[in-house]
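> Spelled out from the first residue to the last, the chains are:
2 protein chains.
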Amino acid sequence: MNRLYHYPISPFSRKVRLSLAEKKIEVELVEERYWEQDADFLLRNPAGKVPVLRMGSQTLSDSTAICEYLEDAYPTPALLPRGAEDRYEVRRLVAWFDDKFHQEVTSKLLGERMFRKVMGTGYPDSANVKAGAKAIKYHLDYMARLLDQRRWLAGNEMSLADFAAAAHLSCLDYISDVDWNRSEVVKDWYAKIKSRPAFRSLLADQVPGFPQPAHYADLDF
Amino acid sequence: MNRLYHYPISPFSRKVRLSLAEKKIEVELVEERYWEQDADFLLRNPAGKVPVLRMGSQTLSDSTAICEYLEDAYPTPALLPRGAEDRYEVRRLVAWFDDKFHQEVTSKLLGERMFRKVMGTGYPDSANVKAGAKAIKYHLDYMARLLDQRRWLAGNEMSLADFAAAAHLSCLDYISDVDWNRSEVVKDWYAKIKSRPAFRSLLADQVPGFPQPAHYADLDF
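Taken in order, these protein sequences are the chains called R and S. Take the first sequence: its position 76, counting from 1, is numbered 345 in my numbering, and each next residue is one higher. Take the second sequence: its position 76, counting from 1, is numbered 345 in my numbering, and each next residue is one higher.
Keep in mind that the hints were calculated from the coordinates and are not lab data. Keep in mind that this is a model prediction, so the values were computed, not measured. Treat the hints with care, as some may be off.
Covered stretches of chain S, as calculated for chain R (at least 3 residues, CB under 8 Å) [claimed, not checked]: (1) 336-346; (2) 405-419; (3) 431-445.
No more than 20 Å apart at the CA atoms, straight line, and that leaves these computed lysine to any residue pairs for SDA-like [what the hints assert, rightly or not]: (4) R/293 - S/353; (5) R/369 - S/373; (6) R/406 - R/354; (7) R/369 - S/426; (8) S/369 - R/372; (9) S/293 - S/444; (10) S/386 - S/444; (11) S/403 - R/411; (12) S/369 - R/380; (13) R/399 - R/448; (14) R/406 - R/469; (15) R/369 - S/409; (16) R/456 - R/386; (17) S/292 - S/343; (18) R/386 - R/277; (19) S/369 - R/456; (20) R/406 - R/352; (21) R/369 - S/380; (22) R/406 - S/311; (23) R/406 - R/476; (24) R/369 - S/403; (25) S/369 - R/310; (26) S/369 - R/314; (27) R/292 - R/411; (28) R/369 - S/311; (29) R/386 - R/476; (30) S/456 - S/409; (31) R/369 - S/304; (32) S/369 - R/308; (33) S/369 - R/293; (34) R/369 - R/413; (35) S/456 - S/411.
Some chain R residues near chain S, calculated using beta-carbon distances under 7 Å [claimed, not checked]: (36) 331; (37) 337; (38) 338; (39) 344; (40) 353.
Every residue, glycine too, gets a C-beta built ideally from N, C-alpha and C.
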């Protein structure tokens, strides 16, 4: 059986979960409190992060390398388009969300408001929370500009870029940090992706100490 | 004419320069003091980072997305192998150097000892420098373990993984922060990559205020 070592509210784990589910690759989910640096886990993944995917005799780490591997090894359905320029645009946006959005928004809101409590590293830094709350507006507006011209974020087909974005936003939505009223096109995009069967397992996630808000799993939010 | 907006001692810029040179794609190099957030530069790249590659009407950002694009659009010579598992190993190691090595080593040594001065952000934090000097040993040993079993870092062919690693190490070598005596296989690997024609432009880099050390451009270091 394939196994994914993950953490429910990790956007990087969620991006891989969405790819696996979309490609109908079954995995057993194993929750990993990766920051506790369990020796067995470090042996599987010297980088010490989630997600880690075990498939047969292989142990795969790094969410982007895993998603590229899944594209190479399980090409249907494709989450990367065919042309070099279209593929570039998907990869640019995956990096946009996993690097820039993560640094400016996810780490500042989710990192301060949830992970500090879960990891036991003190109280949220309010300057960070404020900076994250400000930055998410800019990012939602950027998404709106893209979605004004395209059906999905990177083009007219759904791709890894949508999964990367939805992975971050869904984590933030769990702590009610996304203002869905800011942009109708962004809300419509999220409603489309949220209603996919691949999304179901994310909507069932529960983090102890953080009850799921009512709108989180509601397809008509 | 193609243009690469770069900064000489940026490992991400260097990785792209190596890929371009290996594929014999000519570019004009334009030095970009990206931290000054020049308005024209931000227009080209809203992420505000180097490198940015202009090719024809296209403007490409994010070093990993650029390298993948170059593989897709200019496949010969290949810097990614063909099999899904071999490609995964290259991508895992690119991420290893660009994420983990960068965070634990490059940002702590180069960031503190050179970028602070260049950017005018104060004196080096000695705790960071100490942590970086300690972490690089672990990383050199990890490379030695890989190179004990393989001709190049990710397998028996040279790949983007070697360029990512050499991009970081060459920047650190400019400030004499790499102990090449720690591992013979790592030194041999670096000598091989350093002697490639693609590496020449990196060896000619000069940063004002930081004279090149004698061994830096010496192929027999």
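> Each hint should be assessed against the structure and marked as holding or not.
We went through each hint and held it up to the structure:
no.: 1; hint: 336-346; verdict: holds (count 4)
no.: 2; hint: 405-419; verdict: violated (count 1)
no.: 3; hint: 431-445; verdict: violated (count 0)
no.: 4; hint: R/293 - S/353; verdict: holds, 18 Å
no.: 5; hint: R/369 - S/373; verdict: holds, 19 Å
no.: 6; hint: R/406 - R/354; verdict: violated, 28 Å
no.: 7; hint: R/369 - S/426; verdict: violated, 32 Å
no.: 8; hint: S/369 - R/372; verdict: holds, 15 Å
no.: 9; hint: S/293 - S/444; verdict: violated, 28 Å
no.: 10; hint: S/386 - S/444; verdict: holds, 13 Å
no.: 11; hint: S/403 - R/411; verdict: violated, 40 Å
no.: 12; hint: S/369 - R/380; verdict: holds, 19 Å
no.: 13; hint: R/399 - R/448; verdict: holds, 15 Å
no.: 14; hint: R/406 - R/469; verdict: violated, 26 Å
no.: 15; hint: R/369 - S/409; verdict: violated, 29 Å
no.: 16; hint: R/456 - R/386; verdict: violated, 29 Å
no.: 17; hint: S/292 - S/343; verdict: holds, 7 Å
no.: 18; hint: R/386 - R/277; verdict: holds, 15 Å
no.: 19; hint: S/369 - R/456; verdict: violated, 34 Å
no.: 20; hint: R/406 - R/352; verdict: violated, 31 Å
no.: 21; hint: R/369 - S/380; verdict: holds, 19 Å
no.: 22; hint: R/406 - S/311; verdict: holds, 18 Å
no.: 23; hint: R/406 - R/476; verdict: violated, 26 Å
no.: 24; hint: R/369 - S/403; verdict: violated, 28 Å
no.: 25; hint: S/369 - R/310; verdict: holds, 17 Å
no.: 26; hint: S/369 - R/314; verdict: holds, 12 Å
no.: 27; hint: R/292 - R/411; verdict: violated, 28 Å
no.: 28; hint: R/369 - S/311; verdict: holds, 14 Å
no.: 29; hint: R/386 - R/476; verdict: holds, 11 Å
no.: 30; hint: S/456 - S/409; verdict: holds, 10 Å
no.: 31; hint: R/369 - S/304; verdict: holds, 15 Å
no.: 32; hint: S/369 - R/308; verdict: holds, 18 Å
no.: 33; hint: S/369 - R/293; verdict: violated, 31 Å
no.: 34; hint: R/369 - R/413; verdict: holds, 17 Å
no.: 35; hint: S/456 - S/411; verdict: holds, 13 Å
no.: 36; hint: 331; verdict: holds, 4 Å
no.: 37; hint: 337; verdict: holds, 5 Å
no.: 38; hint: 338; verdict: holds, 4 Å
no.: 39; hint: 344; verdict: violated, 9 Å
no.: 40; hint: 353; verdict: holds, 4 Å
When each numbered hint is compared with the structure, violations occur for hints 2, 3, 6, 7, 9, 11, 14, 15, 16, 19, 20, 23, 24, 27, 33 and 39.
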